[in-house]
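Visitor: As they're listed, the protein sequences go chains A and B. Letter by letter, the first sequence follows residues 0 to 193 in numbering that gives the first Met the number 0. Letter by letter, the second sequence follows residues 0 to 108 in numbering that gives the first Met the number 0.
I should point out that these hints are in silico values taken from the structure, not numbers from a laboratory. Among the hints, erroneous ones may be present.
What the hints assert, rightly or not - From the derived model, a few chain A residues whose C-beta atoms are all more than 12 Å from chain B:
#, residue
1, R11
2, V29
3, T63
4, E65
5, V66
6, P69
7, R84
8, A165
To be verified - Reference excerpt, derived from the structure (chain A facing chain B, CB under 10 Å, subset only):
#, residue
9, G19
10, K27
11, L150
12, E154
13, V177
Claimed, not checked - Calculated cross-link-like contacts (lysine to any residue; reagent style SDA-like; alpha-carbon spacing at most 25 Å):
#, chain 1, residue 1, chain 2, residue 2
14, B, K5, A, A90
15, A, K87, B, G20
16, A, K185, A, D138
17, A, K153, B, D8
18, B, K1, A, K87
19, B, K5, A, K87
20, B, K1, A, V147
21, B, K34, A, R86
22, B, K5, A, R86
23, A, K87, A, E129
24, A, K179, B, P21
25, B, K1, A, R86
26, A, K27, A, R172
27, A, K185, B, G20
28, A, K185, B, D22
29, B, K34, A, F171
30, A, K145, B, L3
31, B, K1, A, R186
32, B, K5, A, K27
33, A, K87, B, E6
34, A, K185, A, L166
35, A, K27, B, Q26
36, A, K153, B, D22
37, A, K145, B, P21
38, A, K145, B, D22
39, A, K153, B, G20
40, A, K27, B, A13
All C-beta atoms in this analysis are idealised placements derived from N, C-alpha and C, irrespective of residue type, glycine included.
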Amino acid sequence: MLVDFAEIERARSGDDAAFGRVVAAYRKRVLGTIARLIGQPDDVEDVGQEVFVRVYYSLRRLRTPEVFEPWLYRMTVNAAYDYLRRRKRRAERRMSDLSDQQMITADASLGMVQDVEERHRTGVRERLDELLTGVSDEDRILLLLKEVEGLSLKELEEVYHVNANALKVRLFRARQRVLKAFAAIKRTDVTKPV
Amino acid sequence: MKDLEKELDELFRAWREAVPGPDASAQFMPGMWEKIEARRTLVFRVRHLARAFLGATAVLCTLMAGVFLLEANRPGPVPTESYLDSLAYAHANESMLDAMHVEAVEGRR
């Protein structure tokens, strides 16, 4: 825990200063998780604020301060889902508005702005994103929470309110799908003419 | 397959490093409090509207109940004729028809 239970209890009873301290303690972790889940650096802060606004209005419903961290993860995951759903709708609208030439121009101008390090990051991100296209948003987030955020099954159980066996099955299937996609990409890389 | 699993784990690790947690800007906290205030105002307005709607519904229900009770308690028309008079009036047409029927049978014979 990054803050003590008493601080969460104070925030829960309506102490805004205590709430501010809780946000200050957790915001970096929350923003990091969001950045990895949504993959859009420009929108991370906005989604992070949304998470804490929801936390502020739901804190009274928290059963006990001991479960604050999984509960916060749950809020973060839900806000990320909502963002991804909105983005999907927006993207569908925008893509239909752009011509092919406009798309090429947009891609090219984006490429010029990025520096080498950013390109490397984008490369890794795109590679993983490509692998994760075969799984649903829900499974993608579950997989990232486990493999990237490093949450244990017990913690995931508290986040999802689903029993560990069901999670294990879902995780196994999602990982198998990603592995299959990985193997396919590797095969393509090998057979690709140089 | 084992190698592939290892490579995938490595990719996940590289990805975590490639997407580090960003630091919040100076505008993060003020922006968050602004959103909290905006939602509080919205919640207050919705609650206010809901209360007004509830009040109006309660007044309307009371008025309708009053009208209904007044109508239910209003005395009906007072009977001025006796029970026998009412019976005779109700069966007046029947006896006339009976009389016509009898006459018609007698005429055929």
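Visitor: Hint by hint, say whether it matches the structure.
Guide: Outcome of the hint check:
1. R11: 15 Å, holds
2. V29: 8 Å, violated
3. T63: Correct as stated: the minimum Cβ-Cβ distance to chain B is 23 Å, above 12 Å.
4. E65: 24 Å, holds
5. V66: It holds; V66(A) is separated from chain B by about 22 Å at its closest Cβ, greater than 12 Å.
6. P69: At roughly 19 Å from the nearest Cβ of chain B, P69(A) sits farther out than 12 Å, so the non-interface label holds.
7. R84: Given a closest Cβ separation of 19 Å, the condition holds.
8. A165: 22 Å, holds
9. G19: 7 Å, holds
10. K27: Holds. Min distance 5 Å.
11. L150: 13 Å, violated
12. E154: Result: violated, 17 Å to nearest chain B Cβ.
13. V177: The hint holds - V177(A) has a Cβ within 10 Å of chain B, the shortest such distance being about 7 Å.
14. K5(B) <-> A90(A): 34 Å, violated
15. K87(A) <-> G20(B): Status holds; Cα separation ~23 Å.
16. K185(A) <-> D138(A): 22 Å, holds
17. K153(A) <-> D8(B): Satisfied, since the Cα-Cα distance of roughly 20 Å is no more than 25 Å.
18. K1(B) <-> K87(A): 35 Å, violated
19. K5(B) <-> K87(A): 32 Å, violated
20. K1(B) <-> V147(A): Answer holds: K1(B) to V147(A) is near 19 Å, not above 25 Å.
21. K34(B) <-> R86(A): Status holds; Cα separation ~20 Å.
22. K5(B) <-> R86(A): 32 Å, violated
23. K87(A) <-> E129(A): 16 Å, holds
24. K179(A) <-> P21(B): 32 Å, violated
25. K1(B) <-> R86(A): Violated - the C-alpha atoms of R86(A) and K1(B) are around 36 Å apart, more than 25 Å.
26. K27(A) <-> R172(A): 31 Å, violated
27. K185(A) <-> G20(B): 29 Å, violated
28. K185(A) <-> D22(B): Cα-Cα ~35 Å, so violated.
29. K34(B) <-> F171(A): 39 Å, violated
30. K145(A) <-> L3(B): 18 Å, holds
31. K1(B) <-> R186(A): 16 Å, holds
32. K5(B) <-> K27(A): 29 Å, violated
33. K87(A) <-> E6(B): The given pair, whose Cα atoms are some 30 Å apart, is violated under the 25 Å limit.
34. K185(A) <-> L166(A): Given that 25 Å is the threshold and the Cα spacing comes to 28 Å, the pair is violated.
35. K27(A) <-> Q26(B): 14 Å, holds
36. K153(A) <-> D22(B): Violated, at about 28 Å.
37. K145(A) <-> P21(B): This hinted pair holds, its Cα atoms lying about 20 Å apart.
38. K145(A) <-> D22(B): Status holds; Cα separation ~23 Å.
39. K153(A) <-> G20(B): 24 Å, holds
40. K27(A) <-> A13(B): Holds - the C-alpha atoms of A13(B) and K27(A) are around 19 Å apart, at most 25 Å.
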